[in-house]
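Position chain R against the provided structure of chain V, taking the given hints into account.
There are 2 protein chains.
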Amino acid sequence: MKRLLITIKYDGTAYHGWQVQQNALSVQEEFQNAVEQVFLKRLDVKGCSRTDSGVHANMYCLTLDTDMNITDDGVVLALNTKLPPDISAVECREVPLDFHPRYNCVSKEYVYKIYNGKFRDPFLEKYTFHYRYPVDVDYLDREAKHFIGTHDFAGFCSVNSEAEVKREGDIITFTFEGDGFLYNMVRIMVGTLLFVNEGKIKEGELAEVIASKDRKRAGRTAPPQGLYLNKVNY
Amino acid sequence: MKRLLITIKYDGTAYHGWQVQQNALSVQEEFQNAVEQVFLKRLDVKGCSRTDSGVHANMYCLTLDTDMNITDDGVVLALNTKLPPDISAVECREVPLDFHPRYNCVSKEYVYKIYNGKFRDPFLEKYTFHYRYPVDVDYLDREAKHFIGTHDFAGFCSVNSEAEVKREGDIITFTFEGDGFLYNMVRIMVGTLLFVNEGKIKEGELAEVIASKDRKRAGRTAPPQGLYLNKVNY
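Chains as they are written, first to last, in the numbering used here: chain V, 1 to 234; chain R, 1 to 234.
Possibly wrong hints are sitting among the right ones.
Identical copies go unnamed one by one, so any copy, or any two together, can satisfy a pair.
Unchecked claim - Pairs of lysine to aspartate or glutamate, EDC-like flavour, derived with a Cα cap of 20 Å:
| id | residue 1 | residue 2 |
| --- | --- | --- |
| 1 | Lys118 | Asp72 |
| 2 | Lys126 | Asp86 |
| 3 | Lys118 | Glu91 |
| 4 | Lys82 | Glu125 |
| 5 | Lys82 | Asp121 |
| 6 | Lys126 | Asp52 |
| 7 | Lys118 | Asp73 |
| 8 | Lys231 | Asp121 |
| 9 | Lys113 | Asp86 |
| 10 | Lys202 | Asp141 |
| 11 | Lys2 | Asp141 |
| 12 | Lys2 | Asp73 |
| 13 | Lys231 | Asp170 |
| 14 | Lys231 | Asp67 |
| 15 | Lys118 | Asp86 |
| 16 | Lys126 | Glu168 |
| 17 | Lys216 | Glu203 |
Derived by calculation from the structure, the hints in this document are not laboratory data.
Next up, chain V with everything else stripped away, as it sits in the complex (with noise of 0.2 Å):
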């Protein structure tokens, strides 16, 4: 018995997040149905996390225990044959049988991508959210720090690294690294960040809303189609 790490991609706009759930399409279902194609049984697989309906990921991780021989090369092959388009196994490799994609996991970046341009862009409606207003990008990255090392930002526990905002072009890209991102954080984060920009939250408010555990006095749920876990850390 071997336990395989494996790491995949996804385009997540048709998907309800990853976790299995009964009457919606997840890509965990998807993921346990190539993989019973391709071991010809029912195996377990244990994600990295949960994922929010829409939200895309670069980098996702996840373990199975197989006694099949076959390559890691072989395994990611052979599920990207029985994969949709938009899931693709990019990486695989053994780990310990004592590891977990969750508990084993050190950190995780979240990026979340907003398109500055005027007019709507066919090209990034389904990978961005598109957003009019003048960014001011310095400010907001001056902003972000913020929310670095914050424990219980509006109810949610948290501990961040990292948080940067920049622009390339239309394109501005928040990250956010950490290791305790809970339900809807990094939107929740990004929302309140747009309050900054739109003059909303004012400036030198911000460490005084985030200590104020206040959900209501934070930003929108920024929506979810701009969000990408985008790497796992282990």
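This is chain R only, laid out in the frame that chain V set:
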């Protein structure tokens, strides 16, 4: 009465090209439906060229005539409320009444995108051709110059003023600029350069293949999802 030159951008995945046709969804049909809702009558819309089924456009130009009193930005914004998410208007300006989007076009630029990564990428599936062989980009870039100035390649008339192949990470971009691209032309040129890459057309042999005007000696037609009409120059 004034003539408007409107620039749009579209993800061609769902469409059988620009041109209206029976029993198949076209970009022109969707656009004319949006125009009818904005201008409150069915207007004649003239495009700058046909595009093949599944091909994308970063820039596509068309004209229509109207006596409606509306600003250029107003036209763009109104159209975008009626167009589906995979088609977007990006610019509008008035042109002389004798302007024709096809005949007045001086040249067009097409790009063709190849994804050269080892494993499938779910975000690139519909927007690139996944080609797994190693690619010698400098060699192909040199060989691509043979297409410049060709007038009758593989039975099609074409005059190209620019041909370039370059790589950025796992994405290889073929760029062709010219004034007479005909049906499948760019996709045949790309397919032929891939034959060169694979040694099916030997070093030094391409000029002769082109001169032979024999379609059977050229390469496969590269698939549509990698092709973009990128610029229309007036």
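Status of the hints after comparison with the structure:
1. Taking the shortest alpha-carbon separations for lysine 118 and aspartate 72, only the inter-copy value of 14 Å comes in at or below 20 Å, while the best intra-copy value is 45 Å.
2. In this assembly of identical chains, the alpha carbons of lysine 126 and aspartate 86 lie at most 20 Å apart whether taken from the same copy (13 Å) or from different copies (10 Å).
3. Taking the shortest alpha-carbon separations for lysine 118 and glutamate 91, only the inter-copy value of 10 Å comes in at or below 20 Å, while the best intra-copy value is 38 Å.
4. Only between protomers do lysine 82 and glutamate 125 lie at most 20 Å apart by alpha-carbon distance; the minimum there is 15 Å, versus 27 Å within a single protomer.
5. In this homomeric assembly, lysine 82 and aspartate 121 come within 20 Å of each other (Cα to Cα) only across copies, at 14 Å, whereas the closest approach inside a single copy is 31 Å.
6. For a Cα distance limit of 20 Å, the shortest separation of lysine 126 from aspartate 52 inside one copy, 15 Å, qualifies, whereas the shortest one across copies, 23 Å, does not.
7. In this assembly of identical chains, the alpha carbons of lysine 118 and aspartate 73 lie at most 20 Å apart only when taken from different copies (10 Å versus 44 Å within one copy).
8. In this homomeric assembly, lysine 231 and aspartate 121 come within 20 Å of each other (Cα to Cα) only across copies, at 16 Å, whereas the closest approach inside a single copy is 26 Å.
9. In the homo-oligomer, the alpha carbons of lysine 113 and aspartate 86 lie at most 20 Å apart both inside one protomer (19 Å) and across protomers (19 Å), since each shortest distance falls under that limit.
10. Taking the closest pair of Cα atoms, lysine 202 and aspartate 141 come within 20 Å of each other only inside a single copy of the chain (15 Å); across copies the shortest separation is 53 Å, beyond that limit.
11. In this assembly of identical chains, lysine 2 and aspartate 141 lie within 20 Å of each other by CA distance neither inside one copy nor across copies; the values are 44 Å within and 46 Å between.
12. Taking identical chains as interchangeable, the C-alpha atoms of lysine 2 and aspartate 73 lie at most 20 Å apart only when both belong to the same chain, with a minimum of 15 Å there against 61 Å between chains.
13. For the homomeric pair lysine 231 and aspartate 170, the shortest alpha-carbon distance between copies (19 Å) is at most 20 Å, but the shortest distance inside one copy (23 Å) is not.
14. Taking the shortest alpha-carbon separations for lysine 231 and aspartate 67, neither the intra-copy value of 28 Å nor the inter-copy value of 54 Å comes in at or below 20 Å.
15. Taking identical chains as interchangeable, the C-alpha atoms of lysine 118 and aspartate 86 lie at most 20 Å apart only when they sit on different chains, with a minimum of 16 Å there against 28 Å within one chain.
16. Taking the shortest alpha-carbon separations for lysine 126 and glutamate 168, only the intra-copy value of 18 Å comes in at or below 20 Å, while the best inter-copy value is 23 Å.
17. When the C-alpha separation of lysine 216 and glutamate 203 is checked against a cutoff of 20 Å, the pair qualifies only within one copy, where the shortest distance is 18 Å, while the shortest distance between copies is 68 Å.
Checked against the numbered hints given earlier, the structure breaks hints 11 and 14 and satisfies all the rest.
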